[in-house]
Amino acid sequence: MTANISLPPVAEQASPSHGHGERRWQDYFTFNTDHKVIGIQYMVMSFFFYLIGGLLAEGIRTELATPDPDLVDPALYNSMFTMHATIMIFLWIVPAGTGAFANYLIPLMIGARDMAFPRLNAVAFWMLPPAGVMLIGSFYFGTAQAGWTSYPPLSLTTGKIGEAIWIMSLLLAGTSSILGGINFMTTILKMRVPSMGMMQMPLFCWAMIATSALILIATPILAGALILLSFDLLAGTAFFNPTGGGHPVLLSPCRLYYGAAILWHYFGSYSDPLPQTDFWLRSDRLFQLSH
Amino acid sequence: MTSIPNSILTLVAGILLTVVSLWYGYNNGLMPVAASVEATHVDALFNAMMAIATGLFIIVQGVIVYSAIMFRRKKGDDTDGPAIEGNVPLEIFWTAIPAAIVLWISIYSFEIYGEMGGFDPSAANDMHAMHGGKNSAMAAEMPGMDMKAMEGMTASGIGASPASQGKEAAVNVNVTGLQYAWIFNYPNTNITAGELHVPVNQEVKLTLKANDVIHALWIPQLRLKQDTIPGEITQLRFTSNKVGTYPIRCAELCGGYHGSMVTNMIVETQENYDTWVASQIQPAETTGSAVMQSTLASIESMNPATMPTHEYLAPYAREMGVRTEMLAKLVRDQQAKNHIHLDS
Numbered sequence: 342m343t344a345n346i347s348l349p350p351v352a353e354q355a356s357p358s359h360g361h362g363e364r365r366w367q368d369y370f371t372f373n374t375d376h377k378v379i380g381i382q383y384m385v386m387s388f389f390f391y392l393i394g395g396l397l398a399e400g401i402r403t404e405l406a407t408p409d410p411d412l413v414d415p416a417l418y419n420s421m422f423t424m425h426a427t428i429m430i431f432l433w434i435v436p437a438g439t440g441a442f443a444n445y446l447i448p449l450m451i452g453a454r455d456m457a458f459p460r461l462n463a464v465a466f467w468m469l470p471p472a473g474v475m476l477i478g479s480f481y482f483g484t485a486q487a488g489w490t491s492y493p494p495l496s497l498t499t500g501k502i503g504e505a506i507w508i509m510s511l512l513l514a515g516t517s518s519i520l521g522g523i524n525f526m527t528t529i530l531k532m533r534v535p536s537m538g539m540m541q542m543p544l545f546c547w548a549m550i551a552t553s554a555l556i557l558i559a560t561p562i563l564a565g566a567l568i569l570l571s572f573d574l575l576a577g578t579a580f581f582n583p584t585g586g587g588h589p590v591l592l593s594p595c596r597l598y599y600g601a602a603i604l605w606h607y608f609g610s611y612s613d614p615l616p617q618t619d620f621w622l623r624s625d626r627l628f629q630l631s632h
Numbered sequence: 007m008t009s010i011p012n013s014i015l016t017l018v019a020g021i022l023l024t025v026v027s028l029w030y031g032y033n034n035g036l037m038p039v040a041a042s043v044e045a046t047h048v049d050a051l052f053n054a055m056m057a058i059a060t061g062l063f064i065i066v067q068g069v070i071v072y073s074a075i076m077f078r079r080k081k082g083d084d085t086d087g088p089a090i091e092g093n094v095p096l097e098i099f100w101t102a103i104p105a106a107i108v109l110w111i112s113i114y115s116f117e118i119y120g121e122m123g124g125f126d127p128s129a130a131n132d133m134h135a136m137h138g139g140k141n142s143a144m145a146a147e148m149p150g151m152d153m154k155a156m157e158g159m160t161a162s163g164i165g166a167s168p169a170s171q172g173k174e175a176a177v178n179v180n181v182t183g184l185q186y187a188w189i190f191n192y193p194n195t196n197i198t199a200g201e202l203h204v205p206v207n208q209e210v211k212l213t214l215k216a217n218d219v220i221h222a223l224w225i226p227q228l229r230l231k232q233d234t235i236p237g238e239i240t241q242l243r244f245t246s247n248k249v250g251t252y253p254i255r256c257a258e259l260c261g262g263y264h265g266s267m268v269t270n271m272i273v274e275t276q277e278n279y280d281t282w283v284a285s286q287i288q289p290a291e292t293t294g295s296a297v298m299q300s301t302l303a304s305i306e307s308m309n310p311a312t313m314p315t316h317e318y319l320a321p322y323a324r325e326m327g328v329r330t331e332m333l334a335k336l337v338r339d340q341q342a343k344n345h346i347h348l349d350s
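Protein sequence lines correspond, in order, to chains A and B. Heads up: the first sequence begins at 342 in my numbering, then just goes up one per residue. Heads up: the second sequence begins at 7 in my numbering, then just goes up one per residue.
With the rest of the complex left out, here is chain A:
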């Protein structure tokens, strides 16, 4: 990006020793702080999990081809659609939608050398592969069977070990999105080139402000609810358990907040990048994206 060279040192960030621009293939498999590397890591990883989620969907549809439970038994079937939904939401839509595009594009669009917190950025990415491995690994121990909404009391009575792994995995993925959200918000608010005001930003950056705000509001609620659910599951508390005076419906508003947030974040994300992809590919005059 020739446009970046004349930038004042405001955007100076801790960068790996080999610097941006000379990327080796190994970089994509290591703890790398380059925002483009991280963006591509997010993209490739999320589509790897997308394929696994898609395979599970194939299994679900194959099972549904006949009314009898002849491919898998009902418990495994419930596990399969629970895993399918969880993988598609937490390991595909969220990382591909926010992690991949935002990390790759935001610094380019606002003229920053990298994200505000490059190491935090890499930490956020590297929390996701363990989360995914835990989720898929839980097939060995009797996976969670209560659907991606995981409403108690069903989630407290079926596939307990799997449910516990599921909660831990979602806490990791949720923390990853919170860290990402903090990073996007700070970068967009604080690291624009001095000549670029808020109203001169591309629409995508505005979409990412909205997305990050929703992530920062909703994901901690989800995480809190999941922690309470894990207490119910593992420590015998009764936040959601009616037999101890808890309220089973308490979890659903927490899930709804999160569901609304992850759906909303796509509204603005693609209205800007997709029509202009052709323009980016043929031009380096990125700042002319805004009038």
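Heads up, a few of these hints could be off.
As the list claims (entries may be wrong) - Derived CB-CB ranges, DEER-like: (1) B:Ile287 / A:Leu575: 48 to 56 Å; (2) A:Thr403 / B:Ile65: 36 to 44 Å; (3) B:Leu36 / A:Leu575: 40 to 48 Å; (4) B:Glu201 / A:Leu396: 37 to 45 Å; (5) B:Val69 / A:Ile502: 49 to 57 Å.
Because the hints were derived from the structure by calculation, they are not lab data. Quick reminder that beta carbons are idealized off the backbone N, C-alpha and C, glycines included.
Starting from the known structure of chain A, fit chain B onto it as the hints suggest.
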């Protein structure tokens, strides 16, 4: 050469769009039979929204397809497009239209919800409505429930429609959702059944509870769906106006056999309903069906003391619509639970 003015073309396109949207909205045929007056109201709302959605779909897709063809990049043209600044009055105008539509839909849907009984104070968690006789009436209907826990609680759900608010329903049924069956108990006659029988054109009140996990009672033909929640009571009130057999499904994932948690609602004439009630109360006197006779014969000839439990209970289980695989699952779950309790 003179051409047709743009305003005329736009007008014709607008008229066509309106006609097509209205036609599809009111002829979509997507809904099943409407078996109550409220269900036809819900359909009216659905059709109105369908007409609006059809219009929006055609406009949005039309603009996309038209623009992609008309404004595509010409060969060798690497220039920028014209930098068109916004048009504030136009933006206000096209924001006001959807705002008005959304407002109208929300008012309309609230009205329909009110007609269905959604705003009945006894179904809307209104504490004031619980003073007086209502609390005790509900308590009487819920044998086996912890009355202390129920005190001060109202049942959420769909209550009486405005015309019949404050009146008792003609038929009361206690519904229990459990893995994986619906049990219908008629408190006045003490009938317990696996299918819901109701008389046509009579108001029915279902008082719903769940024994284990969250279930949801869904009757598509009444356009009604209500969660049943462990430790809490919910209700549904409706008046079916069409004789027929309609499916009841569980609509909240409740475990491995959630998909088989299906039964029927049988709406029948008052005469047939009374016959059914009589047959349930005193089966010995109504030797109507051959099935009933054979069941009775087996009951009379057997000595419970010498029979294993499962053999003794089998005819009852059949009558309640409980299937073998459900029972097997229940037993397995219970054993698993016992193990966990012993372990911890």
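Here is what the structure says about each hint:
1. Taking 48 to 56 Å as the suggested C-beta distance range, the pair isoleucine 287 of chain B and leucine 575 of chain A conforms, at roughly 49 Å.
2. For the pair threonine 403 of chain A and isoleucine 65 of chain B, the supplied restraint of 36 to 44 Å holds, since their beta-carbon distance comes to about 39 Å.
3. Evaluation of the 40 to 48 Å hint for leucine 36 of chain B and leucine 575 of chain A yields a pass: the beta carbon distance comes to about 45 Å.
4. Against the hinted window of 37 to 45 Å, the Cβ-Cβ separation of glutamate 201 of chain B and leucine 396 of chain A comes to about 40 Å, which satisfies the hint.
5. For the pair valine 69 of chain B and isoleucine 502 of chain A, the beta carbons lie near 52 Å from each other, so the given range of 49 to 57 Å is met.
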